[in-house]
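Undergrad: Single-letter residue listing:
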Amino acid sequence: MLFSSIQFFVFFFMLIAGYYAFPYRLRMPFLLLANCFFYMSFAPVLILLLFSIIVFDYVITLMIEKSTGFTKNILFSLGLLFNLGILGFYKYYLFFIITLAPFLAIFNISCPFPVINVVLPIGLSFYTFQSISYIVDVYRGEMSAEKSFLSLSLYLSFFANIVSGPIERAQNLLPQFKTDHQYNYDNVVQGAKLFYVGLFRKVVIADNLAKYVNQVYDNNGAYHGMPLILASYLFAIQIYCDFAGYSEMALGLAKALGYNLTLNFNSPYKAKSIPEFWKKWHISLTSWFRDYLFVALEYIYAFLGGETITKTRWYVNMLVVFVVSGLWHGAGWSFIVWGLLHGVFLISSPLLKNFREQLAALTRINKAPRIRSAIALFTTFHLVTFAWIFFRSGTISAAFTNIVNIFDFNYNSNSISVNYLALAIAVSTFLFIELKGSIKTSIIKHSSNTSVFLTPVLRIAFYVIITVLILFFGQFEATNFIYFQF
Amino acid sequence: MNKSKLLLICIYFLGLTSFLIFLLVNTPPFMHWLNDRNAGYGDLYSLCKVKNFNEKLPPRFNISELPKNDADIYLIGDSFSGIARDFKHLPIQLGEKTGKKVDAIIASDVDIRFFYPQNYPRLIHSSRTRRKIVIIECVERQILTYYQNFTNYKPEEFVSTPYAKISELANKINIHLFSQAGAFYQFFFLNSPGFSSVTEFWNTFKFNRFGTIAKETPVYSKNPPFIFYFEDTKKDLVKSFYANHSDSVIKKTAENIAHIGKILHENFNAELIFIPVPNKYTIYHKFVNNDSYDQFLPKLQTALELRGVVVVDLYHPFVNSNELLYYPTDTHWNRRGIQIAVEQTKKTLDRISINQN
Numbered sequence: 001m002l003f004s005s006i007q008f009f010v011f012f013f014m015l016i017a018g019y020y021a022f023p024y025r026l027r028m029p030f031l032l033l034a035n036c037f038f039y040m041s042f043a044p045v046l047i048l049l050l051f052s053i054i055v056f057d058y059v060i061t062l063m064i065e066k067s068t069g070f071t072k073n074i075l076f077s078l079g080l081l082f083n084l085g086i087l088g089f090y091k092y093y094l095f096f097i098i099t100l101a102p103f104l105a106i107f108n109i110s111c112p113f114p115v116i117n118v119v120l121p122i123g124l125s126f127y128t129f130q131s132i133s134y135i136v137d138v139y140r141g142e143m144s145a146e147k148s149f150l151s152l153s154l155y156l157s158f159f160a161n162i163v164s165g166p167i168e169r170a171q172n173l174l175p176q177f178k179t180d181h182q183y184n185y186d187n188v189v190q191g192a193k194l195f196y197v198g199l200f201r202k203v204v205i206a207d208n209l210a211k212y213v214n215q216v217y218d219n220n221g222a223y224h225g226m227p228l229i230l231a232s233y234l235f236a237i238q239i240y241c242d243f244a245g246y247s248e249m250a251l252g253l254a255k256a257l258g259y260n261l262t263l264n265f266n267s268p269y270k271a272k273s274i275p276e277f278w279k280k281w282h283i284s285l286t287s288w289f290r291d292y293l294f295v296a297l298e299y300i301y302a303f304l305g306g307e308t309i310t311k312t313r314w315y316v317n318m319l320v321v322f323v324v325s326g327l328w329h330g331a332g333w334s335f336i337v338w339g340l341l342h343g344v345f346l347i348s349s350p351l352l353k354n355f356r357e358q359l360a361a362l363t364r365i366n367k368a369p370r371i372r373s374a375i376a377l378f379t380t381f382h383l384v385t386f387a388w389i390f391f392r393s394g395t396i397s398a399a400f401t402n403i404v405n406i407f408d409f410n411y412n413s414n415s416i417s418v419n420y421l422a423l424a425i426a427v428s429t430f431l432f433i434e435l436k437g438s439i440k441t442s443i444i445k446h447s448s449n450t451s452v453f454l455t456p457v458l459r460i461a462f463y464v465i466i467t468v469l470i471l472f473f474g475q476f477e478a479t480n481f482i483y484f485q486f
Numbered sequence: 001m002n003k004s005k006l007l008l009i010c011i012y013f014l015g016l017t018s019f020l021i022f023l024l025v026n027t028p029p030f031m032h033w034l035n036d037r038n039a040g041y042g043d044l045y046s047l048c049k050v051k052n053f054n055e056k057l058p059p060r061f062n063i064s065e066l067p068k069n070d071a072d073i074y075l076i077g078d079s080f081s082g083i084a085r086d087f088k089h090l091p092i093q094l095g096e097k098t099g100k101k102v103d104a105i106i107a108s109d110v111d112i113r114f115f116y117p118q119n120y121p122r123l124i125h126s127s128r129t130r131r132k133i134v135i136i137e138c139v140e141r142q143i144l145t146y147y148q149n150f151t152n153y154k155p156e157e158f159v160s161t162p163y164a165k166i167s168e169l170a171n172k173i174n175i176h177l178f179s180q181a182g183a184f185y186q187f188f189f190l191n192s193p194g195f196s197s198v199t200e201f202w203n204t205f206k207f208n209r210f211g212t213i214a215k216e217t218p219v220y221s222k223n224p225p226f227i228f229y230f231e232d233t234k235k236d237l238v239k240s241f242y243a244n245h246s247d248s249v250i251k252k253t254a255e256n257i258a259h260i261g262k263i264l265h266e267n268f269n270a271e272l273i274f275i276p277v278p279n280k281y282t283i284y285h286k287f288v289n290n291d292s293y294d295q296f297l298p299k300l301q302t303a304l305e306l307r308g309v310v311v312v313d314l315y316h317p318f319v320n321s322n323e324l325l326y327y328p329t330d331t332h333w334n335r336r337g338i339q340i341a342v343e344q345t346k347k348t349l350d351r352i353s354i355n356q357n
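The listed protein sequences derive, respectively, from chains A and B.
Just so you know, we're using my numbering here: the first sequence kicks off at 1 and counts up by one.
Just so you know, we're using my numbering here: the second sequence kicks off at 1 and counts up by one.
Because the hints were derived from the structure by calculation, they are not lab data.
Misleading hints may appear alongside valid ones.
[To be verified] Derived lysine to aspartate or glutamate pairs resembling DMTMM-like cross-links, with alpha carbons at most 20 Å apart:
{"#": "1", "chain 1": "B", "residue 1": "Lys222", "chain 2": "B", "residue 2": "Asp236"}
{"#": "2", "chain 1": "B", "residue 1": "Lys215", "chain 2": "B", "residue 2": "Asp247"}
{"#": "3", "chain 1": "A", "residue 1": "Lys211", "chain 2": "B", "residue 2": "Asp236"}
{"#": "4", "chain 1": "B", "residue 1": "Lys299", "chain 2": "B", "residue 2": "Asp247"}
{"#": "5", "chain 1": "B", "residue 1": "Lys3", "chain 2": "A", "residue 2": "Glu434"}
{"#": "6", "chain 1": "A", "residue 1": "Lys279", "chain 2": "A", "residue 2": "Glu65"}
{"#": "7", "chain 1": "B", "residue 1": "Lys235", "chain 2": "B", "residue 2": "Glu200"}
{"#": "8", "chain 1": "B", "residue 1": "Lys235", "chain 2": "A", "residue 2": "Asp137"}
{"#": "9", "chain 1": "A", "residue 1": "Lys211", "chain 2": "B", "residue 2": "Glu255"}
{"#": "10", "chain 1": "A", "residue 1": "Lys211", "chain 2": "B", "residue 2": "Glu216"}
{"#": "11", "chain 1": "A", "residue 1": "Lys66", "chain 2": "A", "residue 2": "Asp137"}
{"#": "12", "chain 1": "B", "residue 1": "Lys234", "chain 2": "A", "residue 2": "Asp218"}
{"#": "13", "chain 1": "B", "residue 1": "Lys56", "chain 2": "B", "residue 2": "Asp36"}
{"#": "14", "chain 1": "B", "residue 1": "Lys239", "chain 2": "B", "residue 2": "Glu255"}
{"#": "15", "chain 1": "B", "residue 1": "Lys239", "chain 2": "A", "residue 2": "Asp291"}
{"#": "16", "chain 1": "B", "residue 1": "Lys51", "chain 2": "B", "residue 2": "Glu216"}
{"#": "17", "chain 1": "B", "residue 1": "Lys5", "chain 2": "A", "residue 2": "Asp186"}
[What the hints assert, rightly or not] Far from chain B, by Cβ distances over 12 Å, these chain A residues were calculated:
{"#": "18", "residue": "Tyr19"}
{"#": "19", "residue": "Phe70"}
{"#": "20", "residue": "Leu94"}
{"#": "21", "residue": "Ala192"}
{"#": "22", "residue": "Gly225"}
{"#": "23", "residue": "Ala374"}
{"#": "24", "residue": "Ala376"}
{"#": "25", "residue": "Phe473"}
Just so you know, these numbers come straight off a predicted model, no measurement behind them.
Backbone N, C-alpha and C fix where the C-beta goes; we use that ideal spot for every residue, glycine too.
In isolation and in its complexed conformation, chain A is listed as follows:
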């Protein structure tokens, strides 16, 4: 049940009406029922997996809270192993076998593990990360174990963010299920606006661009030069609008019911460096890695006898975090390379600082801060777009083929059959929304005051134009959101 489907609209209208019609004591069970129904629409049987995680988390965190010392550490490890084990089995088992078998074959050993084609349960990467963060927070004593099974179930199964994030911290979302959310006009209106802009980004921008990108990238080797360059740029926009669009819809739906989710994107392509990019892109995942993986690496180092943080160790930890981030995005070497590339870009940023300053002084760009900013923005965007080639190509060899072919302008590529008007509208509206910062500030962020950027007449015109574009150029085919696969 995609957010952009008719089926979902029917579901959500029933949910919101019922939610505000029911008294408080029935509201939460009703919401849990709706969450289950939503999740089951993807594959009914997988609800059992989700609930086994919820039950396990409920029990283990209560036990962790009551225990101390060695027992506490054992229970904590058990909690992590359980969640990582499920994630590992469903997401990485096949990748592990495929990677291991050729290595063993060198020594004439057949792979002892059977090949099992497991289907990745939708949203698994997201809700297991929420689950892990909850267990870690309880273990660290940053929050107490949840006593209400209903609240914990709601936290881990909330329909708005279960399939594609944002990855919410228990400390933020869980308490919200314990308070009464009365009907509030501003919440509903703000939620509807967020949803609407997200829907626009998904069905008008991302899905129209996908038609061009898919034709080029799904036919590896068939396109060279300009079509490939254009497809690479368009993919950068597509993946952003697809994922940010989904996140905005999730935020909007939650907001309409009175819940506040974390803002997941903050104009990432306006970043002037890779570290800044990661502060603006998939913020909930980046902060998760910072707070749980990076910190864990520090603990491990300290446990092994390390002392103060050295630069080298920081660099190594960063590389590890980004390789894991790549692996989180997909069980494949191309994703690992994508993560590694970002890791290298990120550690290069402080390493090359002096060199950049010297270059700026030499070329006198340091006296023209606007030009320097533009160059930084241009460079960051192109580094990110270059890394997306690995992300989109599927395999490393396909990515290298694409990179080589980009520079081949003599090849006569096949024509690409897309609606170029829709493509032009997608690109121009993307640029308009991105460049018009005030629109993003007032609509996409949690501000209810839209009048800051437009007069009432222009505001109405803005939504009418969006509606017309959705109706005429919206793609309502059953195309999954890209991030569903993670």
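Fit chain B to the known structure of chain A by using the hints.
TA: Then chain B, alone, in the frame of chain A:
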């Protein structure tokens, strides 16, 4: 009334309307009624709702009774056997033409178990001493979906045990509420009174202005007006005209069908006849392009015959016919198409009978 109250009333109104729609979509008699109501212009038209393609077709009939016990011929077919307009259904015409008792089961792609005739309950309970014919009629686009991989179902799933009943109920709930729900809602909004005229107006406007059409019918010809189902035309689908029908795929599929034939012969004293029905796009893609056909059906027929499976060849008579054999706005064959199918099947049955004598 202030705007806050007005919005709340709107929310309740939308909630109630959605609940009503939810109930209707999950009420099979209503959906059947809706389907029958919209059958007049063809199933493809009810998916695209563009007026340029609203050619009126003869009314559709529901399948009438067939003998339930001790049939001579057991026919398992898809909608090509189950749908009839101004003609009788395939199994009925076959019975009349051959003078034999024909039993039929119309299976669908939401539950493909019955495309494996060893699971056919009335066949399971039929007399082993009488020799029988089992016919599988299957449209080209579904052949690989059903038979490229052999699925070994457990017989207990098909007889009246509590397990079978629960399994069937769970399957129905899954189809209605989850797996096929999107298609049901889409059909509802495209075809129910109140919505259909709006969607028709809008889709026609978009088609004439921008050339956009429903994803289910992406390929069309304006002259003559002809629409095709996406499963036939979409390049990345295994069901498609453009799918990779390699020799190994064809061999494997033929082996699986031959294996079904062997099971029928050994366990039920029955002989298998396979009727692959060409896709509408296979016969009429010339209306929209000059794409070459990879000869999937002729190759499959040869592979099946090599393995001892009797095949009714419809591809060659269809492709060589100068008459229109399919409805322009429906996926199915017309009166003449079914007539040729019945004639060809009769010839095949006669040939078998001569060979046996």
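Undergrad: Each hint: holds or not?
TA: So, going through the hints one by one against the coordinates:
Pair hint Lys222/B plus Asp236/B does not hold up; C-alpha atoms about 25 Å apart against a cutoff of 20 Å. About 31 Å separates the Cα atoms of Lys215/B and Asp247/B, which puts this hinted pair outside 20 Å; it is violated. Annotation: proposed proximity of Lys211/A to Asp236/B holds, straight-line Cα distance about 14 Å (limit 20 Å). Annotation: proposed proximity of Lys299/B to Asp247/B holds, straight-line Cα distance about 8 Å (limit 20 Å).
For the hint pairing Lys3/B with Glu434/A, the CA-to-CA distance comes to about 31 Å; that exceeds 20 Å, so the pair is violated. Only pairs whose Cα atoms come within 20 Å are accepted, and Lys279/A paired with Glu65/A is rejected, the gap being roughly 33 Å. About 27 Å separates the Cα atoms of Lys235/B and Glu200/B, which puts this hinted pair outside 20 Å; it is violated. Of the supplied pair hints, the one linking Lys235/B and Asp137/A is violated, its CA atoms being roughly 49 Å apart against a limit of 20 Å.
A distance of roughly 38 Å separates the Cα atoms of Lys211/A and Glu255/B; the hinted pair therefore is violated under the 20 Å criterion. Distance check on the hinted pair: Lys211/A and Glu216/B sit about 16 Å apart at the alpha-carbon level, within 20 Å; holds. Restraint check: the Cα-Cα separation between Lys66/A and Asp137/A comes to about 14 Å, which is no more than 20 Å; the hinted pair holds. Of the supplied pair hints, the one linking Lys234/B and Asp218/A holds, its CA atoms being roughly 14 Å apart against a limit of 20 Å.
Proposed proximity of Lys56/B and Asp36/B is supported: the alpha carbons are some 14 Å apart, at most 20 Å. This hinted pair checks out: Lys239/B and Glu255/B have alpha carbons roughly 19 Å apart, not beyond 20 Å. Distance check on the hinted pair: Lys239/B and Asp291/A sit about 48 Å apart at the alpha-carbon level, beyond 20 Å; violated. With a CA separation close to 16 Å, the supplied pair Lys51/B and Glu216/B stays within the 20 Å bound.
For the hint linking Lys5/B to Asp186/A, the alpha-carbon distance of about 12 Å falls within 20 Å, and the restraint holds. A beta-carbon of chain B is positioned within 12 Å of the beta-carbon of Tyr19/A; the least distance is around 9 Å. For Phe70/A, the non-interface assignment is confirmed: its Cβ lies about 46 Å from the closest Cβ of chain B, beyond the 12 Å cut-off. Every C-beta of chain B lies more than 12 Å from that of Leu94/A, the closest at about 19 Å, which supports listing it as non-interface.
For Ala192/A, the requirement that its beta carbon stay farther than 12 Å from each beta carbon of chain B is not met, with the minimum near 9 Å. For Gly225/A, the non-interface assignment is confirmed: its Cβ lies about 24 Å from the closest Cβ of chain B, beyond the 12 Å cut-off. Consistency note on Ala374/A: stated as away from chain B, and its beta-carbon is indeed over 12 Å from all of that chain's, at 37 Å minimum. Distance check on Ala376/A: its Cβ is at least 40 Å (rounded) from any Cβ of chain B, clearing the 12 Å threshold; non-interface status holds.
Its closest Cβ contact with chain B, about 8 Å, brings Phe473/A to no more than 12 Å, contrary to its assignment away from the interface.
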